[in-house]
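Asker: Letter by letter, the chains look like this.
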Amino acid sequence: MTPAIVPARTYLVIFGLLMALLFATVAAAYIDLGQLNLPLAMAIASVKALLIIVFLMHLRHASRLTQLFASIGFFWLAILLLLAMSDYVSRLW
Amino acid sequence: MPEDTVAHQFNTMEQQREADTLGMWIFLATEVMFFGGLILCYTFARFSYPQAFEEASHRLYVGYGGPNTAILLCSSLTMAFAVQSAQLGRRRATVAFLLGTACLGLAFLVVKGFEYHTDYVEQLVPRWHFKWEGSEAPHAELFFWLYFTLTALHAIHVTIGIGLLLVMAVLAARRKISAENHMPAEITGLYWHFVDIVWVFLFPLLYLIGHRQ
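Protein sequence lines correspond, in order, to chains A and B. 6 is the number of the first residue of the first sequence in my numbering; add one for each residue after it. 20 is the number of the first residue of the second sequence in my numbering; add one for each residue after it.
Here chain A stands alone, though its shape is the one from the complex (with noise of 0.2 angstroms):
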């Protein structure tokens, strides 16, 4: 069995996202958002990263232990991160 073979407008239309996303990012940083300026840079870059992911590196056609062992990475940093930040927002001083 060969492997599938995305066809290159998919390729095109993931690369155009991605550059609009850039540009988004770009021009939501000159926008004063207060507290919230972080959270819509992460969840864009996110998106891309994302984006990248499922269709570049062909994880939309990988066999599901391949999907599972690449989430797990990403998971373990999840938690990394969470309950580091976790100390901060219970932390009353």
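For the record, the hints were derived by calculation from the structure and aren't laboratory data. Don't take each hint at face value.
[Claimed, not checked] Under 7 angstroms between C-beta atoms, here's a sample of chain B residues computed to sit facing chain A:
{"#": "1", "residue": "THR40"}
{"#": "2", "residue": "ILE45"}
{"#": "3", "residue": "VAL51"}
{"#": "4", "residue": "PHE53"}
{"#": "5", "residue": "GLN70"}
{"#": "6", "residue": "GLU73"}
{"#": "7", "residue": "GLY108"}
{"#": "8", "residue": "ARG109"}
{"#": "9", "residue": "ALA112"}
{"#": "10", "residue": "ILE179"}
{"#": "11", "residue": "HIS212"}
{"#": "12", "residue": "ILE216"}
{"#": "13", "residue": "VAL219"}
{"#": "14", "residue": "PHE220"}
{"#": "15", "residue": "LEU227"}
{"#": "16", "residue": "HIS230"}
The model shown is predicted, which means the values in this text are computed figures rather than measured ones. For glycine and all other residues, C-beta sits at the position ideal for the given N, C-alpha and C.
Position chain B against the provided structure of chain A, taking the given hints into account.
Answerer: What follows is chain B alone, placed relative to chain A:
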């Protein structure tokens, strides 16, 4: 025949491809943790000294970081086309796209070099050449320490990626990469896209703190 390219420990080509892909993703998971430790350092410092980090971040030029992000996104597109050409067995296109991707990687490093030079001229290099007008000099210095560590580690990854791309271009030119045996290109692609993802996060974390005027 597929038998030519299947290593003796595997039964089928499909099984070998599965093992190749899985192994690379396990390596990439270790890379996530490698950068993750530094991102944790960054998170701690940024929330501890928000004011200093915002001021320090505004000393970096979006005019360098923005175009460099665009260069890396373009290189990810050419990389995707290189892998696709390899899958289709188009030898010349594979070599051309691999070399194109390597050139874009090199362009990224050149821009980064000019940026480091600007940072040096503006006295933003911690310990070595650092001057800060303001009350929070040590905290601003911490920002630039993280900036140089993260971007330099990323630049090392880009350099390794360029080396891999050149090796793949030679292999493709010598017909060692074919439609049946395209996994070396695919694996190199996974690495290259991952390095792009790291930059996708570094760019807003370093250049776009708070809001710019």
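Asker: Compare the structure with each hint and give your call.
Answerer: Hints, verified against the model:
1. Against a cut-off of 7 angstroms between C-beta atoms, the interface hint on THR40 (chain B) holds, since the closest Cβ of chain A lies about 5 angstroms away.
2. At its closest, the beta carbon of ILE45 (chain B) sits 6 angstroms from a beta carbon of chain A; the interface hint therefore holds under the 7 angstroms criterion.
3. Restraint check, VAL51 (chain B) versus chain A: the minimum CB separation of about 4 angstroms is within 7 angstroms; hint holds.
4. Annotation: interface hint on PHE53 (chain B) violated; nearest CB of chain A at approximately 10 angstroms, more than 7 angstroms.
5. Hint status for GLN70 (chain B) relative to chain A: violated, with the closest Cβ pair at about 14 angstroms, above 7 angstroms.
6. Violation of the interface hint for GLU73 (chain B) is found here, the shortest Cβ-Cβ separation to chain A being roughly 10 angstroms, above the 7 angstroms cut-off.
7. The restraint placing GLY108 (chain B) at the interface with chain A is violated, with a minimum CB-CB distance near 10 angstroms, outside the 7 angstroms limit.
8. Because the closest C-beta pair between ARG109 (chain B) and chain A is about 11 angstroms apart, greater than 7 angstroms, the hint is violated.
9. For ALA112 (chain B), the suggested interface contact is broken, since its CB lies about 11 angstroms from the closest CB of chain A, more than 7 angstroms.
10. Look at ILE179 (chain B): its Cβ only gets to about 18 angstroms from chain A, farther than 7 angstroms, so that hint breaks.
11. Of the supplied interface hints, the one on HIS212 (chain B) holds, with its beta-carbon coming within about 5 angstroms of a beta-carbon of chain A, less than 7 angstroms.
12. Annotation: ILE216 (chain B) was flagged as interfacial toward chain A, and the flag holds, the nearest CB pair being 5 angstroms apart, inside 7 angstroms.
13. For VAL219 (chain B), the interface hint holds, since its Cβ comes within 7 angstroms of a Cβ in chain A; the closest pair sits about 5 angstroms apart.
14. Contact between PHE220 (chain B) and chain A, as hinted, is supported at the beta carbon level, the nearest pair being about 5 angstroms apart and thus within 7 angstroms.
15. At about 4 angstroms, the closest approach between the beta carbon of LEU227 (chain B) and any beta carbon in chain A falls short of 7 angstroms, and the interface hint on this residue holds.
16. Given hint, HIS230 (chain B) at the interface with chain A, holds; its Cβ is 5 angstroms from that chain's nearest Cβ, closer than 7 angstroms.
When held up to the earlier numbered hints, the structure conflicts with 4, 5, 6, 7, 8, 9 and 10 and fits the remainder.
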